[in-house]
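Undergrad: Remember, the numbering used here sits 390 above the position in the sequence shown when you count from 1.
FYI, nobody ran anything at the bench for these hints, they're computed from the structure. Glycine included, every Cβ here is placed at the ideal spot set by N, Cα and C. No incorrect hints appear here.
When the alpha-carbon atoms are kept at most 16 angstroms apart in a straight line, the in silico EDC-like pairs for lysine to aspartate or glutamate are as follows:
| hint | residue 1 | residue 2 |
| --- | --- | --- |
| 1 | K392 | E435 |
| 2 | K409 | E520 |
| 3 | K392 | E432 |
| 4 | K392 | E407 |
Distance windows between CB atoms, simulated:
| hint | residue 1 | residue 2 | range |
| --- | --- | --- | --- |
| 5 | A429 | A400 | 22 to 28 angstroms |
| 6 | G493 | G539 | 42 to 48 angstroms |
| 7 | N542 | R565 | 20 to 26 angstroms |
| 8 | L459 | E556 | 16 to 22 angstroms |
| 9 | C458 | E416 | 16 to 22 angstroms |
| 10 | L459 | E435 | 17 to 23 angstroms |
| 11 | A443 | S554 | 42 to 48 angstroms |
| 12 | G536 | T463 | 36 to 42 angstroms |
| 13 | A466 | G446 | 38 to 44 angstroms |
| 14 | R565 | T515 | 26 to 32 angstroms |
| 15 | P424 | H537 | 41 to 47 angstroms |
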Amino acid sequence: MKVPQELLDAQGWALLERKLDALACEALRNGQIPPWVAALREPLEPLARRWLAHSGAASGQARANQPCLQVQTLTAGQGQPLAASHAPDCFPLQVLILLSAPGRDFTAGHAIAVEQRPRMQSRPTVLPLEQGSIALCATGPRPLQGHRGPYNTLLRLGIGSVRSGERLSCVLRWRI
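Kindly generate the complete structure, drawing on both the sequences and the hints.
TA: Below, the structure written as structure tokens:
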């Protein structure tokens, strides 16, 4: 699976070309982690180590551990506030997969990424997710090159309020 590292470096998130079918989404809904997820960490490892080194965090030894799967259900009127999900023992990237179909299963409820850079306005982006879309998102500081050298920027993720229906997604996180 090709990982768009240039996009991750530039904007802190990227969509994978691969999309999951409805059967794979149902399996994730039931807590079954597909085998390709374990293989996804390997190409992300060099990027993660570079980000961790720049932020001063210890990266530890590489572990081929299974990610933690969290399925999230939001119904009409619910959303998820913007939050940075960085923890000291967390891999600096997470996988976000939309399991339900926008427009059919729910309305509104868009995934929003807000990038915070020093001395600049925050920059929001709506992630263009469809059912089965796989997004890689930064969970902690990542370096960007500025006029005076590299600096850290932070990406916060949130979900806008769902207007109707039920929005299902899952987040996969690894430990360092």
